[in-house]
Structures are given as structure tokens and as C-alpha cells.
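Novice: In case you want the letters, here they are:
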Amino acid sequence: MPEIVLVTIPQETVNDESVRILAWKVASGSKVEKDQQICEIETSKAVMDIEAPAAGTVVYTAAAGEEVPVGSTLCQIVPEGMAVEAQSGSQSLPHTAQSLSSTAQSLPDAAQSLPGTAQSVTAAPSKAEIPADVAVEAALDEGDLPPARLTPLAAKLAAEFGFAKESFARGALVRKEDVLRRAGKLPVEPVPAAKPVLPAAPARPAEPVENAPVAGVGVVWSDLPRRKTFEAKILSQGQARTIQSQVTSSVRAPRLRARLVRLGLTEVGLGALVIFEAARLLRKYPEFNAVHDRGRIGVYSDVNIGWAVDGGQGLMVPVIPAADQKTPQEIVETMQRHIDGYVEGKLGTADFLGGTFTVSDLSGDGIGHFHPLISQGQAAILGVGGELDGAGNETLYLTLAFDHQLAEGRKAAQFVRELAARLEAHAALEPAPVQDAPEGEPYCALCQRDRAAIRAIRGMLVKSEIPAGYVCSVCLAELS
Amino acid sequence: MNYEVLSCDSVSWSHAFLIRSFEERLLKLFSEGKLFGTVHTCIGQEFTGVAVASQLIDGDLMVSNHRCHGHYLARTGDADGLMAEVMGRITGICGGRGGSQHICAHGVYSNGIQGGMTPVSAGMALTQKLNQTGNVVVTFIGDGTLGEGTLYETLNIISKWDLPMMIVLENNLYAQSTSQTLTLSGDICARAEAFGIDTYHGTTANPKALQDLMAKAVGKMRGESRPAFFRVDTSRLMAHSKGDDDRPKDELAGYWAQDPITRFTQEFPEQATKLKQEAEALIDHAVALATPAPYAENGADEELDLSAPVWKKTVIEGKERVVTRIYQALKRHMEEDKRGFILGEDIEGPYGGAFKVTKDLSLTFPGRVRNTPISEAAIVGIGNGLALAGMHPVCEIMFGDFLTLAADQIINHASKFKWMYNDQVTVPTVIRTPMGGRRGYGATHSQCLEKHFLGLPGTRVLALNPRYDPHLVYDRLFATIDRPTIVIENKIMYGEWVSSQTIQGFWAEHTEEDFPTTRIRSSATPDVTLVCYGGTLTEAEKAADKLFEEHELIAEILCPIQIYPLNYRPIVDSVRKTGRLLVVEEGQSFAGFGAEVVAAVHHALAGAPLIAKRIGAKPHPLASSKAAELDSLPGAETIVAGVVEMVAYA
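In order, the protein sequence lines correspond to chains A and B. With our numbering, the residue at position 247 of the first sequence is 247, and numbering never jumps. With our numbering, the residue at position 624 of the second sequence is 624, and numbering never jumps.
Hints are supplied without guarantee of correctness; some may be wrong.
To be verified - DEER-style ranges, computed between Cβ atoms: (1) B:496 to A:139: 23 to 33 angstroms; (2) A:222 to B:496: 17 to 27 angstroms; (3) B:641 to A:240: 17 to 27 angstroms; (4) B:247 to A:129: 50 to 60 angstroms.
Unchecked claim - No farther apart than 27 angstroms at their CA atoms in a straight line, the calculated lysine-lysine pairs in the BS3-like style are these: (5) A:228 to A:165; (6) B:249 to B:220; (7) B:546 to A:156; (8) A:25 to B:577; (9) B:546 to B:613; (10) A:233 to B:613; (11) B:313 to B:34; (12) B:546 to B:626; (13) B:28 to B:242; (14) A:346 to A:176; (15) A:176 to A:156; (16) B:546 to A:233; (17) B:313 to A:165; (18) B:542 to A:156; (19) B:249 to A:176; (20) B:542 to B:312; (21) B:577 to A:176; (22) B:546 to A:165; (23) A:176 to B:220; (24) B:220 to B:129; (25) A:165 to B:542.
What the hints contain is simulated information worked out from the structure, not anything from laboratory work. Everything numeric in this text was worked out from a predicted model, so none of it was measured. Note that beta-carbon positions come from the ideal geometry of N, C-alpha and C, so glycine has one too.
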């Protein structure tokens, strides 16, 4: 009588208690021939193929990327003619377990120590071991399933996106992230239901840690607003998961603001220009538009730049989606919309989602240097500062704080220098105020260096009409 | 010397000598280190058993106690079987498992708990009466047993119900080392007389008179189907159990002087020598048979079937309350099984039970649905006796809190008979009782005490839940009943509609087993596994509803009906998906159901990450005042908070 064949994970290496499924070669429910490759697994030593031990329909529930214990059932091969669903009657499915290696074992009984405890907890083998067979689920058709149910949050979002309740499948339990995914606001693959991972060190407590005040002084306590504690949560995640370093570059672009005015860009013009250039530059430096997770770099497919807004009603970071594909004007329009929303208190959830990089501009507040904090899920943040000297000339500073797990100082330096250069190039398009050939020493109209300084860097001065005066060879090179 | 006293028939004397030799040989074997445990010899008391046995016919039952050898040998003459049993051999009457105190063969039963077998005997006697067999039950107790409460519960019932049962009290003036003068108030026979029971008084010092009186007493009992109480004054010549006799020598000398066998030997030395030689030969033979025989073995224990479950969607037809479904199932049992018998307090119609479960069954099945006095130990004891005698009894214990009064019958009798007696018997006793609070009944009427009865090998504990038809549970139970089974019902659940409809977005399924596990699930991959049983399912459902609605967390609820032995396979399968296990029980969680589940799942996962939590009642008794009571019990809010905490942890 034909029987269902269980394919178990072989023990190939003494050390391995589990293997990782790299890829399924066939879909669950498809027919396979004997010896046909059905799966690729990764042990601690090598990548192996798993072949079907018999012909039939392969049925599995484990997903690619999952770790499965050695000895457990990888999949079933249901022979021809046998239904691949719940059998009626009270008998259990007849099956034989077939292993692919002669050393197939039952579920490991290894002594495992729980982190944080001194003793190991031994799972002593007993007769009551769980067999490696698979439950038969109830055969349900659509009519058996209840209508879709949405959480209040999901219902609100669904209404915002215009999804009718009836448009969700029967039996679905719809949560906020399901709606966002359907609206294209989240990565396509669903995040697998978060499996708890016991931390290696004593776990971060769910409650906040006490921070005792200084003794001997009176203290007046009051609760912080909720947005502040929420913000702290986002930032603390960012700080905890990254190893931060910073680089700062100045931007020698004295006529940048004038240039922006000439282009008709509003007060947010500097920020918009920075975002415009940085967004496109991030395509060249993907390590700053990414996230680090347990030894892997996740490069975001989009460049969505969040920019800090604080007009006195609290710090918010709305997101400009696909910033690298927008013109400076479009970026300005988006930022203006954000400001209007901020002022009216109408910024919605969708406005804050999907940020892959953040820009924080304090140059308008006269701040030169500051320590921008990397946000949860990101790998870098750009701070823009600006200082006026006595003569009213502004120097801009670009500070990139970045996650050292993904990049290092040299790369960060290249990024900020290149960004600075681009801004300087914009400024250079602004003609210098018309002036007679200066008395005295000639100097470069763009970088202000005098002949001596230029000689020192092996450059030379060249007469120039636009900008009027002289331009040194270094700036000339950067312009082209 | 009045020889008449000694003029019993020769069969009686040969039995008496056999018993004497047997007991003496046990003492010798004990001192040679060839026996296990201790021996309670009946040397000096032989004629009690002999007198009773002489009046019993085929089918009569004899029930004894720890000092049972004489009774057994008088009834059966089976020295071989008993010697092998006491010597712990597999050839013994109980395969060596029962030993000296726990024997069962040829219609003779014994157990080692004082007074415990008296209500069991009453159940056996009730069976004889129901089936009109004409047989009787004789039960032996000692004067020490007069301290135990179950004896009085039994005396009351056997008189009220006219049961053909005789209690024979061997009055040897001592309970172990304690003289009766220190412990006994009032008069022995007056106790039985107070219950309207015929009493008789004899002595082993006059075996002939004893035998004649016994004939009269047994005859009357059999003829009128009325109980009897027979006090036999006698002397325990040796220690209570080997080696612990502090009685003064001259007192003992007095007893020896009265001993009939000693006097017979003095008066008729030739006959005595012959009887003794014959007895010794039989004993020698028994020992020779037993000595090379292999020792008792435990045999294989029942194993849990942890194979993969087959799930089915639960569909319950019709709209009726839980209490109605239970009533219908009991009715069906009584209709289809003539061995069915229901007993409990206030269960007869028209009152029909404290929670109206039995309704009018007593009117439909007259004589087979009986109100008992308020005697929980006797209710279950009688249930055990009915079960041993081949009936299918259902004992209703009005409130689960009162189950404690029957604990000895459950733990030391019902659950032990089958194994102790080497699988010669089954004990199909069903005990139904409602547990659960939330009605303001207060500390002793609101508890969930079932955990104290979990884990008794050879028994089963079921908990009804509102998402699986209780009618099906009982049908299955009565169709397969082969062991003592406690069914935990729930007071509040009685009034609920049986329905497979659950919270929105979820549906109910169950495993294909005799007593399934109910699963409340959705189509989404769950974030947490909630485990509960019985009435707590209602709170778990509310919690799952809140978890989705307010926290966007998806729970999967596993609610087994058979909570012991527990098939935890469906729970393990679920926890493999979620990694988070929350067990909630309404009773105290220390050493409870939750602890068991967490341990089993942890072991099964063999090192895979597991976050587990148990929620039980707060560690104090339940107040009657509603707010305090509800605060003590785990409700939906507590469960939700627990899950949120677990999710925040990792």
C-alpha cells in the first residue's frame, strides 16, 4: 500500500543541531520525480542538495531562510492517488520516515544552557518524545472562514487608502502593517511573525531604567509629553543598534544663499538643495542608505529622506519619498506641504513612514557643529550647520554621523567632501558681484585664496569673466 | 472445661489451624528476611474469619483490611496463592503487586486504609440488591476503625438503603499500640444500633457459639436484605505488625489462655497434632512453590500518544444550554446501559440537583438515580463498590470544593485497585462536579481544586468547555469507560449556550480524539499560544479579542478537554509557531496544570527559544464580595497584560 514518505533533515556534521533552508526548488504541492532536487540546505560546513526519495507530490510548510532541527521532517512526499489534505475518519496517516543519511537522528536532546543561568537545563530523553510527524489541518473552504476582521487602527488606515472592508479576503485578520503593505508602503515580503530570540546578555528590561537625581538638591518632577518618550524610543533604538562615528566638512560656498534666492527657492531652499544632492549621492554611497542587522547590511531600494522640522510644536521628521528622483523644486514643494501639515497639526502616519536617511538643518539657527543622532532602522544622518563670521560671511558645515558597522571614516569623508563639492558647485554658478579688477593682490573669486596660497598648492590664477576677476586652477578644475 | 465451645466442625478447625500455621510461618520468614514490608498477623483471631466463611455461599463477597490473611484463607483455603503474594512473587494472587494488605481474589478484597473499604462494600452490596442476586457482602473492621468517619457514613447509608451488608468488628482492644480505653467513648454496638442496624455480639473464645450466632445473623441479613453489625471479641496474640508489641506479659498470658487453638491443643492433643501437621505440610508446599518463583514486575506503563493530530472544524448543531446537553447525555447513558446508576446529593426530581443537571432522571429511572445523605466519601466509595461489582456509576459531587471529602476514595481506592490487584478489576467510576467562582459563593464554594487530583496514574480528568458539545464528551466517556474519571464542569458554564461560534475573525476546531483539544484560531500566523481549560476558555476568548482589537496581536487558544493524562502535542505544535506560551488556570498555579504544561513543552522543544508564563488565581482564598473575588481571578485583562509583557520581552 503506498505510503506518505517523510523526508528528514540528515545529520551531516557532528556539530550541527540544525540547518538552514537556503531555497526551495519546487513549490509545495507540486509533483516531483524520484531524485529530483527539491531543496537546498546550508550546514555549518557546506551547501547541500536534498533530492526527493520517491515520486509524488511534495508538501512542506517550512520557508526558505528558516532554521530546521536535524532529524526533523523537512517535507512529505505524498504518493500518486493519495489526497493531499485531511483524511476523514479517526485513523492517523500511515507513513514511513525515510532519512537521506544513514545517521538520521530524532530531535536532539542536547544539554542547552539558558543564557544568564549558571546551570544547564538538560532535556533528559524519555519515552514521551514528540514524533517527527506533521499535523493534518482541517480542510476549510471559503465558506468555513469568517469574514475579514480589521483592528480599529487598520480600519482607519484602510479608509485613508480607500480599501473597502469587503476587499479583504475571508478569514483575514488585518493589522496596520497589512494595510500599509497593501498600499505599497512596506517591503513586499511580509516580515515573518517576530520570533523571540533569547538575548545573549540579560535582557533589556521592558520597563525604563531608573536614573537617580543628584542627592541633596530639590527636584520638581513632571511628566514628559508622550511624543518625547516616543522619540526617545526611536532614538535609543538607533543609538543601541549602531556604532557611531562622525565626520565634518566645511563648505566654501559664500554665495550659496544668494544662488538659492536667484533660483526662487524659499527659506527651505538650502535644505532642499542639500537633500537634492545628498539623495542622489546616496546612490553612489549605498552604505549610508542602509541598515545593519546581525552581521548583514540591508541596502534600501528607495532613498526616502526624512528631514527634521521643529517650529516650536515639537521635533518631527516627515519623509520625502524617492528624494533622488525629485527636482529641487519638487523637494521644496514637498517640504512646504510638510510645513503646512506641521503647522496645522495634520501630518498623518504615512508622512513619517519609510525614511531611510535623515537630514537635520540647524544652520538657520546659527549653529555650526552638533551631534545628530541616527534614527531607528537607519545607518546615517546628515547635520547641516552654519556660522557667520564677523563680516557676515557664512560658512556651512556638513556633519555626517554614520554607523561604523557599515562604513568607515574614509568613506564618510568622501561622502561629505563630495557633497560639499556639489554645493560649492551650485554656489559657483552664482556670479560674483561685478567689481573692478581689484587693487593689490589678485585672488581667486571662488575660494578667496591669494596668489601666495595658490602658489603653495601648485595652482595658478586665471583671469575670469564669470565670475569676474580671477579663478584659481583648483576651483576651475572643480567647476568642470 | 466446656468442650462444647470447641465443638466446631472439622473443616472449621482445619481452616483455623491452617491460618495459625500460615501466620506463624510468615513471622518466621520475616525474621529470615524473606518478606517485604511488614506482616499484620491475625494470630488469635482466626475464628472470626472461619465463622464468617462458614456462612457464605457462592457469589458472596468478603472485604477486609490490612489484617486480611485469616479472612482470605478461611474463605478460599488458598495458601499457595496468598503465600506467593506475601512473598512478592509474580505467581501471587495479585502478581506480587498487592502484597500482604492489598489482595483481591475469589471474591475477597482488601485495602490498607482504615474504614476505606466500608463504603466500597456498601456499593458492592447495593449491586447485589439492584441485580437481585441474593448475595451478601461481609466487611471486616477492627475496634480501631471506630475512629474513622467513613464508617459512620456507611452505617447510615446501609441502614437507610436496606443493603445486605454485614460489618464484622474484630474487637481485640487495641489499635496498633493504643489501648481502646484511651480512644473509645461510648459503646461499640450502640453505635450501630443508633443507625437502626441489628447488632450481634460474640467471641472467638467460644468458637461454636460464635459460629451459631453468625449463621443466624447472616441468615437474617440474606433473608430480609437488611444490614447487620457483628462485634467479635477476640485477642490479637502477636504484635500489630511484626515486632512492635509493648503490652505487659501477664496481659498477653491472659489472652493466650483464652485462645481456642491453644485450648484445643491442650484438650485434644492428638487431633491438634494431626491438624497442625496437615497445616504445616500445606504451608511448606506453599513456601516451596513460592520460593523459586520470579518476583513481581511492574509491567509497561501506559504511554502517551503524541502523534500528529488531525484537526476538524467544530460545528455544534442546535441551540441548548450546557446543562441541558449534560442532562441529555446522562439520560442516554441510563437508557442504553442498564448498569448505569447515578448517586449524589439533592439529585432526585423534581428538585433535580443543585444546578438542575439531573432534573427528572430519578422519575424516568426509578431506583437508579438516588439521593444520598451528605456523605461525599461514601458517595464516591459506594461508586467504587458499584464499579468493582460491574456497574457504571456516576457520582455527583455537588460543589467541586467538596471533592476533598472524597479524596481518600479517589486517591487510595479508585485509582489504585486496578494496578494493585494486577489488572483483575476495572473501576469505571465517573465523578462529576462543578468548579469555578465568579458567583460570590465565597471561599469554600468557589474554588478550582482539580489540580489536587491531577496526576493519579490510572485515572482520567476531563474538563468540559463551551466550544465542544458536552453531550459528545459524555457519550464518548460512557462508551469507553474503563477507569475512574473525574469530569470537571463549571457553574457559570451550565447556563451558557453550547456554541461553536467564537470571537469575530476566529473559528473553533478540535482534534479527532475521544476527548479532543479545542483550538480557537485564525488564518494568520499567531504571535502567542494561550492554553487554558474549562470555564477559563471564555476569558481567554475575550482576551484574544482584546489582543487583536487593541494591540494588534494574534493569539491561538488551545483548550484540552482531557487535562490528565495530557496530550500536549497540539500545544507544542502551536508553540513552535509562536515561541510564546501563556497558560492560564482559575485555580492556584503553584505545582498546577500550568507548571506541567510549561515543563512538557520546554522539554519537547529541546532547546528552541521559549518564553513561557503562567497565570493563576491570586494566592489567597476567594472573597464573597464581588469586586474582590473578580480581582483574585485571572480574567481577560490579566491575560492581555501577560501577553503584552511577553511580547515586549523579546
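Novice: It remains to establish, for every hint, whether it holds in the given structure.
Specialist: Here's how the hints hold up against the structure:
1. B:496 to A:139: 23 to 33 angstroms: Holds: the Cβ-Cβ distance is about 29 angstroms, inside 23 to 33 angstroms.
2. A:222 to B:496: 17 to 27 angstroms: violated (49 angstroms)
3. B:641 to A:240: 17 to 27 angstroms: Hint holds: Cβ distance 26 angstroms, inside 17 to 27 angstroms.
4. B:247 to A:129: 50 to 60 angstroms: For residue 247 of chain B and residue 129 of chain A the Cβ distance comes to about 57 angstroms; the hint holds.
5. A:228 to A:165: Not satisfied, since the Cα-Cα distance of roughly 34 angstroms exceeds 27 angstroms.
6. B:249 to B:220: violated (41 angstroms)
7. B:546 to A:156: holds (17 angstroms)
8. A:25 to B:577: Given pair residue 25 of chain A, residue 577 of chain B holds - Cα atoms ~23 angstroms apart, limit 27 angstroms.
9. B:546 to B:613: holds (19 angstroms)
10. A:233 to B:613: Given pair residue 233 of chain A, residue 613 of chain B holds - Cα atoms ~26 angstroms apart, limit 27 angstroms.
11. B:313 to B:34: Violated, because 60 angstroms separates the two Cα atoms, which is more than 27 angstroms.
12. B:546 to B:626: With a Cα-Cα distance of about 23 angstroms, the restraint between residue 546 of chain B and residue 626 of chain B holds, given a limit of 27 angstroms.
13. B:28 to B:242: holds (10 angstroms)
14. A:346 to A:176: Roughly 19 angstroms separates the two Cα atoms, so the pair holds.
15. A:176 to A:156: holds (9 angstroms)
16. B:546 to A:233: holds (25 angstroms)
17. B:313 to A:165: holds (25 angstroms)
18. B:542 to A:156: Within the cut-off at roughly 23 angstroms; holds.
19. B:249 to A:176: Outside the cut-off at roughly 91 angstroms; violated.
20. B:542 to B:312: Between residue 542 of chain B and residue 312 of chain B the Cα gap is close to 23 angstroms, so the pair holds against 27 angstroms.
21. B:577 to A:176: holds (21 angstroms)
22. B:546 to A:165: With a Cα-Cα distance of about 20 angstroms, the restraint between residue 546 of chain B and residue 165 of chain A holds, given a limit of 27 angstroms.
23. A:176 to B:220: violated (83 angstroms)
24. B:220 to B:129: holds (15 angstroms)
25. A:165 to B:542: Answer holds: residue 165 of chain A to residue 542 of chain B is near 23 angstroms, not above 27 angstroms.
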